[in-house]
Every structure is written in C-alpha cells, then in structure tokens.
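Undergrad: Sequence:
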Amino acid sequence: MPSYRQILYHIVFSTKGSEKTLTAQSQEEIFKYIWGIIKNKNGFLYRINGMEDHIHILCDLHPSIALADFIRDIKTASSIWMKKSDLFPDFEGWADGYAALTSGYRDKDVVINYIKNQKEHHKKFSFEEEYRKLLKEHGVEVDERFFLK
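The working numbering puts the first residue of the sequence shown at 1, with every later residue one more than the last.
Please note: incorrect hints may appear among the correct ones.
As the list claims (entries may be wrong) - Below, simulated SDA-like cross-link-like pairs (lysine to any residue); rule was C-alpha separation at most 20 Å, straight line:
(1) 39 to 49
(2) 75 to 110
(3) 136 to 110
Bear in mind the hints are in silico, worked out from the structure with no lab data behind them.
Work out the full structure, taking the sequences as your base and the hints as a guide.
TA: As structure tokens, this is what we get:
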C-alpha cells in the first residue's frame, strides 16, 4: 500500500530588522528565484507574495525534507543571490526566525487569496500586526522578546 500525505505550509519570514529592502519593482525576481528553490526541493508552490519587509509562501513540502532545512535553504540561497544582484542594494539579509503554519487543503484557496492580496491588506495593517494575528489564530504563543526594537 502506498503512503499518502498532504501538508501545506504557510511560511512567513521578514528581512533583517524588518527593513523595507525588497523593492516593489524587484520583488517578482526574488519570488521567481524562491520558486525555483522550492521546485528543486521537490516542493510545490501554490502562492508567493510579500511586501518590502517580508514574504509569504504557501507550499507543499516533500516529506523527505525537514521543514527547518527547507526554510534555511530558501533563506540562505536567496540571500546570497540577492546580495550578488543589483536588484536589492539595501538588502542585508533575512531575519533569523520564521513562521511555518500548517493549512488544511480545504483552506488552500483562502490562504492563496490572503497571500495574493498582501498589498491591499497592508494598507490597513503593519507587518507586526499581521504577524501577531497569524500566530494567535494558529494558537502560537508569542515571545515578546522578539518584538522589542
């Protein structure tokens, strides 16, 4: 009998210091680059989008790859590429942490639309407000030390 699984992750991570270094005109390039990393890891990207200071990814993670390794590889490879390119001159790196929230397949379209509408969403909410809300909705206890500036 074969094994089956369906694990969707809504991954969120920010730039170092939540600095606005992902310029709007170059975001599409980093999104494409990250998509390539996900494909090379046998994952499936459902949606990627973000703002100048953070990125949202909804993807299926291949079961042979540990989540922490997957995110480390995305952040490391994309950071190296961004620093070498001329597209992100102020980018200093990604923040250390991330959120990886599981989503049911039935909720896939809701999460896709949420990620798709980041620009509209952030007219009302800051990244910190959004991040806190996402963590709370998923029952994750917030460690306030990481929100001190």
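Undergrad: Find the hints from earlier in the document that the structure breaks and name them by number, from lowest to highest.
TA: 2
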